[in-house]
Structures are given as structure tokens and as C-alpha cells.
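Model the full assembly from the supplied sequences, consistent with the hints where possible.
Residue numbers (UniProt numbering), protein chains in the order written: chain D, 1 to 391; chain Z, 1 to 391; chain G, 1 to 361; chain S, 1 to 361.
Quick caveat, the hints were computed from the structure, so don't treat them as lab data. Treat the numbers as computed from the prediction; the structure is a model and nothing was measured. The beta carbon of each residue, even a glycine, is placed where N, CA and C say it ideally should be. Watch out, some of these pointers could steer you wrong.
[What the hints assert, rightly or not] Listed below are the simulated DMTMM-like cross-link pairs for lysine to aspartate or glutamate, each with C-alpha atoms no more than 25 Å apart in a straight line:
id, chain 1, residue 1, chain 2, residue 2
1, G, K113, G, D174
2, D, K260, Z, D271
3, S, K245, D, D381
4, S, K100, D, D381
[Claimed, not checked] A short, non-exhaustive set of chain G residues, derived as facing chain Z with CB atoms under 10 Å:
id, residue
5, G65
6, A118
7, V306
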Amino acid sequence: MDLSYSAEYEAFRAEVRGFLEANRSQAPGHGGNGLTWQKLLIENGYAARTIPREYGGYGGEPDILKSRIIAEEFARAQLSPGLGGQGISMLVPTLLEVGSEEQKRQFIAPTLRGEMLWCQGYSEPNAGSDLAALATKGVLEGDEWVINGQKIWTSTAHLAHWIFCLVRTEPDAPKHEGISFLLFDMKTPGIEIRPLVDMTGAANFNEVFFTDVRVPAHQIVGRRGEGWKVANAILRHERGSLADPNVMQSRLNALIDLMKAETLDGSRVIDNPIYRDRLMAIQGRVQALRCNDLRLLSAAVNRQSAPLAGMVVKLQGTELRHELEGFAIDVMGELGLLYGDTPRLRGGGSWQRDYMYFLGLIIGGGTSQIQKNIIAERGLDMPREPKLAKA
Amino acid sequence: MDLSYSAEYEAFRAEVRGFLEANRSQAPGHGGNGLTWQKLLIENGYAARTIPREYGGYGGEPDILKSRIIAEEFARAQLSPGLGGQGISMLVPTLLEVGSEEQKRQFIAPTLRGEMLWCQGYSEPNAGSDLAALATKGVLEGDEWVINGQKIWTSTAHLAHWIFCLVRTEPDAPKHEGISFLLFDMKTPGIEIRPLVDMTGAANFNEVFFTDVRVPAHQIVGRRGEGWKVANAILRHERGSLADPNVMQSRLNALIDLMKAETLDGSRVIDNPIYRDRLMAIQGRVQALRCNDLRLLSAAVNRQSAPLAGMVVKLQGTELRHELEGFAIDVMGELGLLYGDTPRLRGGGSWQRDYMYFLGLIIGGGTSQIQKNIIAERGLDMPREPKLAKA
Amino acid sequence: MEFGLSDEQVMLQDALARFLSGTGGLERTRAFAAGKDRRAPDVLRGLAELGVTGLIIPEVHGGVGLSLLDAALAAEQLGRFVAPAPFAGTAVMAPLALLKAGDAGQQAAWLPKLASGATVAGVALSEVTGARDGAGVEARDGRLHGRAQFVVDYEADLFVVADRARGLHLVAADAPGLTRTDFRTIDATRPTGELVFDGVAAEPLKAGDGPAAVRAMIDAGRVMLAADTLGAAQDMLDQAVAYAKGRVQFGRAIATFQAVKHMCAEMAASLEPCRSLVWYAGHALDHLPEEAPVMACHAKAHLSEVGTFVARTSTEVHGGMGFTDLVGLHYWFKRIGYNRQVLGGPQAVRAEAAALQGLAA
Amino acid sequence: MEFGLSDEQVMLQDALARFLSGTGGLERTRAFAAGKDRRAPDVLRGLAELGVTGLIIPEVHGGVGLSLLDAALAAEQLGRFVAPAPFAGTAVMAPLALLKAGDAGQQAAWLPKLASGATVAGVALSEVTGARDGAGVEARDGRLHGRAQFVVDYEADLFVVADRARGLHLVAADAPGLTRTDFRTIDATRPTGELVFDGVAAEPLKAGDGPAAVRAMIDAGRVMLAADTLGAAQDMLDQAVAYAKGRVQFGRAIATFQAVKHMCAEMAASLEPCRSLVWYAGHALDHLPEEAPVMACHAKAHLSEVGTFVARTSTEVHGGMGFTDLVGLHYWFKRIGYNRQVLGGPQAVRAEAAALQGLAA
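See the structure below:
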């Protein structure tokens with residue numbers, strides 16, 4: 001057990017800090033421009049760090065600790081860590097793993113530079129938890145796929161230039177083996193985007209409708225029918241990131257500030273033992289998840305295995321965030337009801353918004369029920385449900 | 001909505017009170033004898049009230065309110081409400097419904113008088129939630145059933161004179177239709193009783209083993225293969241009674257007294273706002289179940305239907321009692337750990353005992369999982385699980 | 001001995017349900033939430049025609065003279081249909097104020113108008129149940145000073161205002177010196193806001209016992225919010241069961257999955273006893289004065305907790321759809337969230353229940 | 001940067017597990033619980049041979065000089081096997097007292113005996129973490145007066161006693177004026193009881209900072225109890241999974257029912273992060289002095305809550321069998337129950353965590 005960083009890493013941390021101090025004025029929000037900032041970060045190895053130079057990355061060795069240090073220092077300096085989005089976080093790793101050389105050369109560099117924005121077309125109205133049930137059809141006509149169907153939960157569809165999309169191309173194959181992974185331009189005729197307003201009042205997501213959308217045959221990643229495999233490797237990465245315990249820690253700190261500031265009948269809420277007890281119970285759970293995160297980081301660095309520790313993050317983390325935000329609403333009482341553009345609003349309405357948004361995350365990316373199935377079957381080696389008789 | 005009792009019932013209540021005052025000295029614990037007291041109660045219609053005179057009962061009309069008044073007044077006077085046990089509460093109603101005339105005449109009167117004690121032989125080690133899986137076999141040889149197998153959870157087996165028992169007599173019939181309901185003497189050769197110690201440290205139950213136990217063929221209630229039906233009608237009655245909200249109310253009052261008496265660092269526990277908050281949350285739930293009970297009573301009196309209100313009693317009531325008793329342990333802290341014959345014990349160890357015992361009741365008589373299936377399927381009309389494919 | 005609803009009470013519920021679904025149900029609520037109107041006159045008119053606005057107002061004053069339990073049954077239906085209508089303030093707490101603390105002239109002047117729906121009365125007493133932000137109202141020399149937040153039925157023509165000494169006052173919505181600030185909350189169905197009193201001339205209600213009247217208003221208001229949550233939560237459970245029966249995943253209705261069934265069963269198991277609790281608390285308001293304040297606290301706190309659980313669980317059963325505006329489930333979710341905080345959150349109300357029983361230090 | 005167990009630590013755990021299962025596991029615990037002996041000398045001897053009794057005692061005093069994290073790992077195994085052995089007091093808190101507040105002579109006199117298991121030391125400081133029943137010990141003129149309840153590792157030859165001013169004292173078990181009263185608790189594996197001091201001559205530990213030593217003892221003791229619960233709860237989860245796989249009802253293993261799977265998944269999901277929390281809190285005891293007291297509180301409180309949940313849920317998965325003595329699951333259930341209350345229940349410990357952070361009024 002050694003929580004310190006070696007001299008090499010401390011030096012690296014100092015280097016990152018030096019960079020941030022020297023270049024603060026170029027960061028977005030401090031006078032700089034997002035695309036220029038991204039370019040600067042890639043050049044210095046603070047973004048696209050491990051992506052080969054020939055595809056527009058920095059070409060560094062994978063180093064989990066350095067990645068963590070970069071994240072920590074950018075967060076501490078409150079400067080943008082560069083561009084995110086599903087293109088960079090999901091498509092680029094996918095292409096690196098299974099894309100053709102041509103696809104890598106065509107798509108990765110502009111995506112990293114922020115010139116090419118992507119959205120993800122996986123979920124459908126009748127294929128949520130049961131993603132293998134997806135029904136959007138792609139039929140090969142000549143050298144084009146003709147696509148018809150509907151996607152849902154497509155965030156940033158209205159901003160994206162391109163989409164990476166799961167489409168059923170082999171209707172006669174078993175359902176997991178009939179799906180292909182296609183890339184296409186969002187300006188292709190036949191695509192309609194409808195914003196999907198959710199309970200937070202914002203349109204965080206969209207519905208996307210395809211009517212005879214024609215896509216060149218070569219814009220497939222992997223082979224026909226391999227789409228499920230292509231998508232699945234990456235999906236796992238997404239789950240943990242929904243419940244970053246370091247973000248949770250900063251929300252907890254904000255909650256403590258809130259409890260010091262808010263009063264009921266003239267007394268500070270923090271001075272009420274009942275609220276303090278609930279606060280401490282939440283803090284204990286946040287600490288447990290932070291320690292769990294440290295264990296996962298260490299296991300990744302030292303190539304050890306802690307599968308169960310990884311599997312529980314999404315279930316526990318989203319639940320805890322939902323409860324934490326809900327507790328903050330209780331702390332504010334009636335003032336906690338305020339939302340939107342209104343006088344006396346606290347924290348920009350973030351408590352109510354995240355209370356609802358994290359309920360969405362409890363459901364999204366695999367409901368809690370699905371998560372529990374996974375933990376039981378893969379984590380605890382319990383048997384799957386027996387097959388049903390044909391109806 | 002009218003929570004008052006009519007003049008007739010108020011008069012009846014006065015009559016019961018008068019009886020209790022006049023006869024207190026004959027009650028067990030006050031100088032009287034249990035069997036004599038039982039005889040007196042039956043003669044006056046305070047026990048075996050609705051059982052016909054020819055079978056040894058009082059022969060009164062069923063009247064739910066009078067029954068409730070009797071129960072209330074005996075509880076208030078803290079006098080024994082007469083004999084209980086599974087013979088009186090379960091076997092007698094069963095015989096009245098489906099027993100032969102000869103069986104009614106032979107068994108009911110001595111059971112009511114307390115001369116004939118019964119135990120119940122339903123559960124088996126591999127037939128708990130799935131009672132239809134029971135394996136104790138009965139084979140007709142000449143005019144005798146020859147019984148082999150094992151029962152479990154048989155309370156009072158060591159005291160009982162007779163047993164009413166479910167036995168598989170038709171091995172080739174569908175599993176619900178192969179069971180018969182038999183009565184036999186516990187002194188029959190081949191019966192072995194082993195006390196079953198449970199987590200409370202007491203042997204509240206027994207295991208009972210049958211080896212070639214020979215039972216006269218006519219000691220069957222109903223016909224061969226009807227045992228499941230015979231048993232099931234009565235089982236339902238048992239479930240609600242495990243979580244009497246009036247008992248819960250008196251435990252809550254005892255809890256409040258405990259919180260006034262116990263101190264931590266010199267301060268009364270009741271003066272700690274955190275504990276008071278938990279107390280009030282529990283009180284609110286107790287009140288909800290008391291009101292629910294009132295609704296069920298009223299529905300029974302007025303022949304209205306409140307099926308869901310009845311279905312939730314066992315699930316909610318046993319859970320709440322378990323929590324209430326557990327909270328009392330927290331109130332006492334380390335002192336709450338004391339158990340058995342030990343100095344400084346509070347309340348005779350009842351808090352720990354009931355904390356464990358009610359966990360047993362959450363499980364017993366249909367686990368919470370089975371209860372939830374019932375609520376979903378019968379209460380909410382949700383579909384049963386689809387049939388499984390044959391393995 | 002009868003603990004249940006009379007035929008008349010069942011008819012009242014049915015009539016209200018028919019009206020509220022007939023008037024558009026969720027679609028009417030959506031339109032109200034999306035529009036700029038802060039009142040829904042069609043809904044209010046319908047409620048007046050059904051006698052709901054005058055439910056507890058004596059017939060002599062133009063009302064129907066029913067009980068507070070009947071009012072709770074009405075509140076339950078309003079919650080069930082997430083109706084964009086004032087009720088707890090104008091139809092319950094304000095009439096109670098006039099009946100318990102107003103003189104004959106005040107009663108004659110206002111009760112008929114409240115009964116007919118011609119006047120909507122807001123109630124400003126949040127500060128009595130727990131003052132936030134240093135708010136509170138003082139009465140000096142017949143004038144009101146200070147600030148009242150989270151007025152119940154804020155879109156009103158008349159306000160009943162409690163001062164810090166639990167005295168009650170009537171203030172016209174257009175009274176000089178009164179400044180109104182609209183709030184936006186999660187719950188679009190019940191507009192609320194803040195009143196600032198800068199020496200506003202007010203008409204005191206001083207025929208009765210002011211503090212006792214305030215107590216009765218709070219108790220009744222809490223039971224109405226609890227009943228509103230009961231209705232909203234029951235509807236969320238019903239919607240969850242219906243959705244689960246229709247939604248197919250993995251080749252079967254999700255209602256056949258044990259996890260989904262158990263979520264619904266847990267909702268039903270916690271909610272069903274709440275119905276009886278609300279009935280009892282509603283009955284107690286009129287008939288069991290010693291029990292009423294504590295039972296109102298328990299109804300409010302317990303329904304808040306169960307309501308929160310049901311709101312969240314029903315949303316989960318709906319999966320992603322529950323999170324969207326497409327099925328509109330969030331109107332119920334937010335309604336339950338609003339009921340939780342107004343007139344005292346669960347902690348505050350439980351603390352009051354303990355104090356009322358002499359258990360607080 | 002390494003947050004995980006070293007090979008040596010894994011070997012320590014394995015060796016301890018082998019010994020404890022070899023020494024009889026549940027059957028040894030049963031025999032201990034059923035018998036009249038208040039000590040299990042075979043278990044103690046084995047632990048001494050493995051170095052567990054001297055785990056944190058420096059080699060110069062005959063121990064093995066490992067860390068408090070190693071001690072927590074040992075405690076986890078003891079909890080896992082519900083071992084009838086003293087540990088948190090004699091092997092952790094008492095050595096800490098001597099190391100932090102004893103002089104060289106006291107250390108030389110006692111540490112080797114503790115390390116070898118020749119002496120078992122009980123620790124009496126429950127009153128510092130929360131006095132019940134008016135208990136508490138005062139030191140006057142070198143003599144102790146008063147009463148100490150719930151001594152940790154009560155079946156001892158020597159007691160380390162904290163007085164109300166957080167001064168520490170050594171008292172021989174047979175000291176004149178000392179009266180011992182055995183208690184029976186739910187947990188038969190760790191005998192406890194009460195000491196009454198009637199002017200008992202005691203040897204003060206006054207070489208170090210008494211209050212600081214008491215603080216360190218409490219922090220370490222809490223982490224040991226949390227680790228014990230971690231081990232016991234993990235074993236209850238493992239037993240539940242194994243039972244569910246083997247138990248057939250309705251023609252299938254109950255492990256295939258979604259409700260049963262989800263109960264197990266919920267146990268795993270709440271328990272798995274607890275492992276890291278205990279590691280961190282154990283590590284902090286030696287290496288992060290500023291964080292240690294708060295993290296010890298969180299480990300103690302959070303493991304108490306999760307432990308209670310797992311204890312109850314595992315019992316439910318076992319159905320009726322979980323309630324009987326036949327499978328003996330209740331030994332784990334009760335062990336977790338004991339760990340919850342000793343050295344401060346969850347509420348008390350959370351209140352302390354708030355105070356340590358300057359959040360209490």
C-alpha cells in the first residue's frame with residue numbers, strides 16, 4: 001500500500017502545472033479558443049495522448065497514472081481538459097481497435113481536432129435494455145446501404161457531422177449476429193432529428209429517424225454482422241464514467257457549503273443534527289466509492305484484477321449521486337423546489353437538475369435491474385435465468 | 001366514516017368488562033386454572049364463540065365487531081383470552097368446513113377444551129416456499145396409511161397429542177393433486193421429534209421424522225388428493241395474524257419508554273433529535289398499518305372488499321416490527337447486545353429476541369419474495385412468469 | 001363502526017375523475033405548463049360547478065358543507081390527474097381561516113365568492129411552518145411588513161396572511177405596498193411566488209382564536225398535500241403496471257420479470273396503507289381534535305417518503321421513457337416533489353409530531 | 001502508487017484462513033459457544049504461532065512489527081471465520097496504549113507477553129466513546145474508582161483502562177478492589193463484561209500523550225471492528241450465493257430467480273466498496289494521521305450499516321434455514337450486530353465524524 005507517486009510522476013505533475021500556468025490565457029473561457037486549445041493540448045500530450053502520431057495524436061505510451069495526473073491538474077486549475085464527446089471517447093478507440101487503415105486515416109485526426117463531431121446511434125425505442133433487439137434495417141443495394149428505422153437517446157445529434165450507428169443488415173442471422181456498425185454523414189438525405197425533451201426540461205437527447213438513407217457500402221467498421229462485437233467492447237468503458245467519485249466529492253463539498261449557508265427558522269441547516277447525520281452517512285458512502293476508485297486505478301496500473309469493484313461503480317455511483325442531490329433539495333426545503341429562470345434560485349438549479357438527471361442515469365446505459373443481473377451472473381457466478389418455453 | 005360503536009356494541013363491551021371484573025380470580029395467573037378458564041369462556045361465548053354447540057362451542061352468530069371487542073377487552077384487562085394453538089386456530093376451522101360429521105364430533109370438542117393439543121405437519125426441508133413439492137409419502141396398505149418422511153417447522157410437536165399432516169399419497173398425480181390431509185396420534189410408533197434451535201437460541205420449532213408410521217385409513221380429512229385444497233384455505237388466515245398492529249402499537253409505546261429511560265453520556269436518548277426523528281418515522285408507519293387494519297376490520301364488518309390492503313399486512317408488518325426492534329437495540333447501544341440470563345439486561349431481552357424472531361417471520365409463512373409475487377400477480381394483476389423450457 | 005368511504009364519497013371521486021379526464025387530463029396540464037397563463041379558468045370553472053371550490057364551505061354561504069375528509073378525497077383526485085388548479089389554499093385553508101377566525105361580515109363577504117370560484121384566495125403561512133431566507137411577516141399598527149414565500153395558491157385575488165404571532169389578515173392582491181414576485185418551480189401545475197409587504201394595510205381576522213385557526217389551517221393543508229401525493233403516487237403505480245404489461249424486452253413483457261414485479265409490489269405495499277392513513281387523518285381534522293395535528297404530521301411526512309419512493313420507482317419501471325417528456329410521467333414526479341417540501345418537509349414535520357406529543361426536549 | 005495488498009499481505013490472509021478453517025471453523029465456534037470456557041486456548045495459541053497476537057508489536061519486543069492495515073486484514077479473517085479469539089483489544093488497542101503512552105519499562109514488561117499470547121489484555125474505554133448507565137472511571141490519588149462496561153477482550157489477565165480525563169492505566173485482572181461481572185450478549189464468540197473499581201491501585205501509562213493514545217486506540221479499534229464486519233459480511237454473501245445455487249424450489253435452483261440474484265447483487269454492490277474503505281482507513285491509521293480519525297468513523301459507521309443489510313439479506317436468501325441453528329448463519333449475523341454497537345454505534349460515530357471536521361455546532 002503506497003499512495004504516493006514516484007519522483008517521475010511528481011515531476012510529470014510539476015510539468016503539467018507549469019504548462020497550465022504558462023498557457024492559461026489560451027484556454028477557452030480565459031481568452032482562448034476551443035479548437036486552438038485542443039491543438040495545443042495534443043501537441044503537449046495532454047489530449048489524445050496515446051493515439052499514434054500518424055492519426056493525429058500525440059503518440060505517447062499508455063500510462064494510467066499520467067492520465068490521472070493530467071485529469072487531476074486540469075480539474076484543479078479549472079481549465080478545460082480539451083474536447084470530449086462520443087467521437088473522441090467512443091469512436092476513436094473503436095476505430096483504433098477494429099477500423100481499417102483507411103478509416104483510421106480518414107476519421108481520427110479531424111475528430112481529435114474537433115472538426116468532425118459525432119453522435120452515437122445505438123438505442124431504439126424497442127431496443128433499450130435489450131439492445132440486440134434493434135430493428136433499424138440496412139439493405140445493401142448495389143454499393144449502398146439503404147437504411148430505415150429510428151434511433152433514440154442520441155445526444156448531440158443536432159450538432160454532429162457524422163453518426164456511428166448500429167444497423168440490422170443480416171435479418172436471417174441470429175439476433176446478435178445480424179448487426180453491422182456503420183458510419184455516415186448526418187447531412188445524408190432522409191435523416192430527421194427531433195429533440196427529446198426530458199424531465200429536466202432540457203433536450204439532452206434526440207430521436208433520429210432514417211428514411212431511405214443511402215450510405216456507401218465501404219463505410220462499415222469490421223465486417224457485416226460484427227457490429228454487436230464492435231460496439232460492445234466500448235460500451236463497457238462508458239458505464240463507469242457516469243459516476244466519477246471525484247465529481248461526487250466536489251458535489252459533496254458544495255453540499256456542505258450549502259448547508260452552512262441555508263437557514264431554517266434562523267438556524268443554519270448544518271447545525272441541525274438530523275441533517276448532519278444524513279450528511280455524514282452520505283459522506284461515508286462517497287468515501288467508500290472514492291476508495292473503490294483508487295483501487296480500480298491501482299489495479300489498472302499494476303495490471304491486477306478487481307472485476308467486482310468495477311462492476312458496481314455505475315449502480316452505486318448513480319444511486320448515490322441521485323440521493324445526494326435529493327438530500328440537498330431537502331436541505332433547502334421549499335427553496336429546493338425552485339427551478340429554471342427564477343428569483344432566489346440556488347446553485348443555478350443544479351441540485352434539482354442533477355437529482356433528475358441522475359435518475360435518468362440510473363436508468364440509462366443499462367438500468368439498475370440489468371446492472372444487478374450482470375453483477376450476479378458475471379461477478380458472483382450465479383446462473384442465468386433458465387430458457388423459456390416457446391409461447 | 002364513523003369510528004364509534006353502536007349502542008348494542010357498547011352494551012356488549014360493558015358486558016365483557018363486567019364478566020372480566022367478576023371472574024378475574026379464576027383466570028390463569030390470578031389463581032385460576034387454564035382448562036377451567038377455557039370452559040368458563042366457552043360457556044359465556046368469549047371463546048369458541050361461533051362454533052356450534054353440538055361440537056362443544058358456544059354456538060353464537062359470527063360477529064366481527066364482537067370478536068374484536070372481546071379481544072380488546074381481554075387485552076386491556078391483561079387476562080388470558082383462552083387457549084390458542086394450531087389445533088384451535090387452524091384445525092377446528094378446517095374440520096368445520098370439510099371434516100366428516102364423525103371427525104367433527106370426535107375432535108373438535110376435546111380440542112376446544114384444551115384436552116387435545118395439535119401440531120401442524122406441512123413444511124418439509126425441500127418444500128418451504130414450494131409447498132407442493134412435499135415428499136413425505138403415505139402408502140395405503142390394507143386399511144392403514146404407512147407414512148415415511150420428514151417435517152420441519154413443527155412448533156409444539158413435543159407437546160402435541162395429535163398432528164394434522166400433509167402427505168403425498170398419489171405419487172402419479174400432478175403435484176398439487178397428489179397430497180392428502182391426515183390426522184394421527186403423536187404416540188404412534190415411528191415418530192421421532194428433534195427440537196430445532198433457531199437464531200434466538202430457543203427451540204421454537206421442531207423437526208419431525210416418520211418411519212413406517214401406521215395410521216388408520218379413515219383418519220383422512222376430505223378425499224385422497226384433496227389435501228392441498230384443504231390446507232390452503234386456512235393458510236391464508238395465518239398470514240395476517242403475524243403482524244398485529246395493535247401489538248406493534250404497544251411495542252412502540254414500550255420503545256418510547258425505553259428512550260426516556262436510557263441515557264448516553266448522561267443525556268436521555270429521547271432528547272437526541274436523530275433518534276427522535278427515527279422514532280417518528282417508525283410511528284408514522286405504525287399509524288399507517290393501524291389505519292389499514294381499521295380499514296380491513298371495517299371492510300369485513302360491512303362486507304366490502306379491500307384485497308390489496310389485506311395482502312400487504314404480512315410483508316409490511318413483519319418488516320416494520322423487525323426495524324422497530326432493531327432501532328430499540330440502537331437506542332441501547334452496547335446494552336442492546338445483552339441477551340439471555342445476564343446482568344443489566346433490558347426488557348428481558350425482548351428487543352433482541354423479537355428483532356431476530358421477526359426476521360424469522362419475514363421469511364416464514366411465505367418469504368417476502370413470495371409475498372411480493374402474490375401482491376404483483378393477485379393484487380396488481382401482473383402476469384405470472386412464463387413457463388420454462390424443459391431442461 | 002365504519003372506516004371507509006360512503007357511496008356519496010365514491011360518487012364525488014368518480015365525478016371529479018370524470019371531469020378531470022374529460023377536461024383533457026395530461027394534455028390539459030401540458031398545455032398549461034407550456035403556456036403563459038398562470039391560471040386555468042376552464043378547470044377552475046369545472047371544479048366550481050362540481051362544488052369542489054365550496055366543498056367545506058357551509059351551505060348558508062353558498063358551499064356544499066362537506067367535511068375535510070371529503071376535501072382530502074378531492075385533493076387525491078387533483079393529484080391523480082396532476083390538475084392545474086388551486087385547491088389546498090383557496091378551497092380549504094382560506095375558508096378555514098374565515099370560518100375559525102373571521103367575523104360574520106367577513107364570512108358573508110368572502111365565503112360565497114370562494115365557494116363560487118369567483119375569488120381565488122392564496123394562503124401565506126409558510127413562515128409559520130419554517131422560515132427560509134429570513135422571511136416572515138409582522139403586523140404593526142394594522143399594517144403588514146416583511147416577506148412571505150411559497151404562497152399556497154399564489155395566483156389569487158385575495159391573500160390570507162399569517163404574521164409571526166400567528167395572527168391572520170386579509171390582503172387584496174392589488175393592495176398598495178404589496179409586491180409580488182413570481183417563482184418558477186419544478187411543478188408547473190401550481191404556480192407559487194413571494195409577497196413583499198411594505199406597510200400594506202390589511203384586514204385582520206380577529207373574531208376567533210388566531211393561533212388555533214392557523215393550527216387548523218396547517219393541519220388541513222398538510223392532509224391535503226398528503227392526499228394529493230396519494231393520488232399522484234397511485235396513478236404512477238397504475239401507469240407503471242400498465243407500462244410493464246405492454247413493454248416487451250428480451251421477447252417478453254417486462255411485467256413478467258420478477259424484478260419488475262417486485263418493484264411494483266413494493267410500491268403497492270408501501271402505498272396501500274397510506275390510503276387508510278390519509279382517510280384517518282382527514283377524518284381526524286373534523287372529528288378527533290386531539291389527534292388531528294399529530295396525524296396530519298404523520299400523513300404529511302409518511303406520504304412524502306412513500307411518494308418519493310413511488311415516484312422514483314415508477315420512473316425506473318418506465319425505463320428511459322420515464323425520463324422523457326413523451327409519456328409526461330415527470331408531471332407526477334414533480335407534483336410529489338412539491339408536496340414533499342411545502343408546509344414543512346418530512347424532517348421538520350416529524351420534529352413537530354414529536355413536540356406535539358411532548359417528546360421533544 | 002499502489003492501493004492494494006502486497007503478496008505478503010495476501011499470504012498472511014491465506015495463512016490465517018488456513019489455520020482458522022483447520023482449527024474447526026464453525027464447529028470450533030459452536031463448541032466454544034456451547035461450552036463453559038470463556039477462552040479458547042487452542043485458537044489463541046495458533047494465532048500466537050502465526051504472529052497475529054504480536055502483529056503490530058515491534059520485533060524488538062518480540063512481535064512482527066507489521067502495520068495496522070495488516071492488523072485489519074487479520075481482523076477481517078477472524079470475522080470471516082467467526083473465530084472465538086481476542087484480538088482488537090489485546091493485539092491492537094493494548095499494544096498501541098503501551099507504545100504511545102507507556103514508558104520503556106512498561107513496554108519491556110508487557111509487550112513481549114502480549115506478543116507471545118502469554119498475556120491477554122482487555123481494554124476498558126467504552127465510556128470514552130459513549131457512557132451508558134452512568135458508567136465511567138475516575139482516577140484519584142493513583143487509584144481507580146467507578147465502573148467500565150463492555151470491555152473489549154474482557155477475558156484477560158491485564159486491563160488497559162481509560163479514565164474520564166483520557167488518562168490510561170494498567171490493572172491486573174486479580175487486583176484487589178476490582179470486581180468483574182460477566183455479561184452474556186448475542187455474540188458468544190467474544191465474551192464481555194463489566195469492571196467495578198473500588199479504589200483499585202493502578203499503574204498509570206504516563207510516558208506519552210494519554211488523550212492522543214486514547215484517540216489512536218479508538219481509531220484503530222473502530223477499524224478492526226469494521227474489518228471484522230467486512231470479513232463476516234463477505235462470508236455471509238458467499239454463503240448466500242452458494243446456498244442459492246444448491247437450493248431447489250419450484251423445480252429450479254433459487255439462484256436462477258431474479259429476486260434472489262438481485263438480493264445477492266445488492267449485497268455485493270454495497271459490500272465491495274467497503275473493502276477499499278477498510279483498506280484506506282487501515283492505511284490511514286499509520287500513514288495519514290490527519291485523515292485517520294474521520295476515516296475510522298466512516299469505516300465503522302458505513303460497515304455497520306452495510307453489515308446489517310448483508311446480515312439480514314443473506315439470512316433471507318437462506319429462507320427458513322437461515323433462521324435455524326442448523327447452518328449456524330446466526331453466528332455471523334450476531335458478530336456483525338456486536339461490531340455495530342461496540343466503540344460507538346453508527347449515529348454516535350457519524351456525529352463524531354462531523355465534529356472532527358468542525359461541522360458540529
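Going through the hints against the structure:
no., hint, verdict
1, K113/G x D174/G, "17 Å, holds"
2, K260/D x D271/Z, "24 Å, holds"
3, K245/S x D381/D, "10 Å, holds"
4, K100/S x D381/D, "46 Å, violated"
5, G65, "16 Å, violated"
6, A118, "31 Å, violated"
7, V306, "8 Å, holds"
Of the numbered hints listed earlier, those contradicted by the structure are 4, 5, 6.
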